[in-house]
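Visitor: Using the sequences and the hints, build the whole thing.
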Amino acid sequence: MLQVLIGAAAAALAALPFLASDAFLYHVAILIGIEALLALSLHLTLRIGQLSLAQAAFMGMGAYASALLTRDLSLPFPAAFLAAVLIPAAIAAVLGTVILKVRGVHFALLTFVLGQAVVLIFVEFVVPFGGNNGLMRIPGAEIAGLPLQSRPAFYALTLVVLGAAFAVVARLVRGETGRILDGLAANEALTQSLGIDALAWRRLVFAVSGGVAGAAGSLYAHYLGYISPEAFGITATINALIMNVVGGVALLAGPLIGAVILVPLPELFRSALLYQQLFYGLSLLALMLFMPRGLGGLVVARRHAR
Amino acid sequence: MSALLSVNELSRSFGGIKAVAGVGLSVDQGEIVGLVGPNGAGKTTLFNLITGTLKPDAGQVVFGGRRLVAGEPGANARLGLARSFQQATTIADLSVRAHLERAAVFPALGRPSFLLRRSAVMAVRERAAATVQEILVFAGLDRVAEESADALPYGLQKILGVAMALATGPKMLLADEPAAGLNGAETLVMEALLRRIRDTRGIALMVIEHDVPLVMRLSDRIVALAHGTVIAEGKPAEVRADRAFIEAYLGGEADFGAASGPEGEAHAA
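Residue numbers (UniProt numbering), protein chains in the order written: chain A, 1 to 306; chain B, 1 to 269.
Errors might be hidden in some of the hints.
In silico lysine to any residue, SDA-like type, Cα no more than 25 Å apart, as pairs [unchecked claim]:
id	chain 1	residue 1	chain 2	residue 2
1	A	LYS101	B	PHE114
2	B	LYS18	A	GLY49
3	A	LYS101	B	LEU79
4	A	LYS101	B	LEU25
5	B	LYS235	B	ASP199
6	A	LYS101	B	SER13
7	B	LYS171	B	ALA248
8	B	LYS18	B	LEU79
9	B	LYS171	B	ALA128
10	A	LYS101	B	SER113
11	B	LYS55	A	LEU199
12	B	LYS55	A	VAL98
13	A	LYS101	B	LYS55
14	B	LYS55	A	ALA198
15	B	LYS55	A	ILE99
16	B	LYS55	B	GLN86
17	B	LYS18	B	PRO38
18	A	LYS101	A	ARG174
19	B	LYS55	A	ASN187
20	B	LYS171	B	LEU54
21	B	LYS55	A	ALA200
22	B	LYS171	B	GLU9
23	B	LYS18	B	ALA248
24	A	LYS101	B	GLY59
25	B	LYS55	A	GLY49
26	A	LYS101	B	ASP57
27	B	LYS171	B	GLN157
28	B	LYS171	B	LEU25
29	B	LYS55	A	HIS106
30	B	LYS55	A	ARG103
Covered, in the sense of this in silico footprint (three residues per stretch, anywhere, with C-beta under 8 Å from a C-beta of chain A), are these stretches of chain B [said to hold, decoys possible]:
id	stretch
31	55 to 63
32	90 to 97
33	101 to 107
34	155 to 168
35	191 to 203
One-sided excerpt, in silico: chain A residues whose CB lies under 8 Å from chain B [unchecked claim]:
id	residue
36	GLY175
37	GLY178
38	ARG179
39	ALA189
40	LEU194
Source of the hints: derived by calculation from the structure; they are not laboratory data. This one's a predicted model, so the numbers in the text were calculated from it and none came from an experiment. By construction, the Cβ of each residue, glycine as well, lies at the ideal position given by its N, Cα and C atoms.
Guide: So this is what it looks like as structure tokens:
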């Protein structure tokens, strides 16, 4: 019953921009979708007990790959989008083989440094990445000659990508493969003794997280038509982390809930520009103090209480 | 007859301390070998080296004619080298049956690429329920099958640990102190289970155990370790009379033959 209600609420929320047909609402909704993808990619790394601070860098790889392939090599958007997913996924798989053996705080620091290194590469290699100026005049998204650059159309595209990403991630973290991942998280030595290769499964999850972040990057690049390196730094990753904490770290819907709440939040405080950061900080503080399991955690707690 | 498991010159140091120093031993098909020695003798480290949980500094492990890869406990488990742990181990707040279902299916899902072998995975999935039911009855866990593993008495949790190892379909089981923490009655149940694993399933066993009378009754052969090296090896009666063994274990005279019953009560509290 509760799940039906939540599903209906989510569907209504997703349909809201179409009903209101307001340009600003479309804009915020598209940004929510893109940020939710980045937060979802971080959620995946948390599922394997690792905090990756390189997720925005993977998003950057997707953004630059998609932008360069369409603008300079004239590849159609769907092909560039696919590359924007596969390139960060492949890089994550290769990196993961080495860095996933490192655990805890050390992994977080290692991925932080790697993420910053990727941003530096975007800055330093002016050809082809455009340096600090980034890349401009990125072609709009279109599929088979059908332009998707109008806000309603791009919002629809974002919804499709978001839905597909959640479907893939749900397939991975639930059911049989979910049991393996939960087993590794709960008791790694025992799970390995039952024949599971911990590194191989963690690497798969890390690669998928890179791919999801890359998809966010591709959408971001084609929606704004302009990208620059600083968008893919540590701040973007930390924001994605906050979304997970606010939405509920243990929940698949956590990243989405977090994005729906946090992306519009700065807009709400816009009239009090001076106090914007202060309000934002206090809201976060209150949330962590009174709802340590996030807003999604409230729903789960109610369900268990019955 | 070639050995099922043979360990050659296995060594591993931690810092400056040699935990295992040039250990060689072998276990035949269907044999029960007891591994004894005082605390810190290197018994659990040896298990971790054999299963691949730890990488050795030197030496090799050959199991079923294949050289095992160090650092890959999952792959080695899939070859039929199962283990149970010293502490009762459960995955999470799951039922006994759910634990065994995972143990029955996980070896077929060792790596993500295994999902591509659809027919093999499907076959294991289809067999899993029957395998689990058979193991439940064999290990005497059928009456608690639907209970949470975390809520079981300690003795049954340790039985579950052994049962999970069995559900992977092993050729050999390494049991790390299966009777530690069990009371007298529980120890007898565990002893009977270990014996039946060999007698009715033909699975070879290597058992680390501090309960000396138990391990002497159970084992075909005893290997005694001290300071990371093998100090005595042979039939239980021979090792029991061995001076080096007696000194390493108790630092003096002792007659292990005199103690008759299991001596687990001290741990039970």
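Visitor: Which hint numbers doesn't this structure obey?
Guide: 2, 4, 7, 8, 31, 35, 36 and 37
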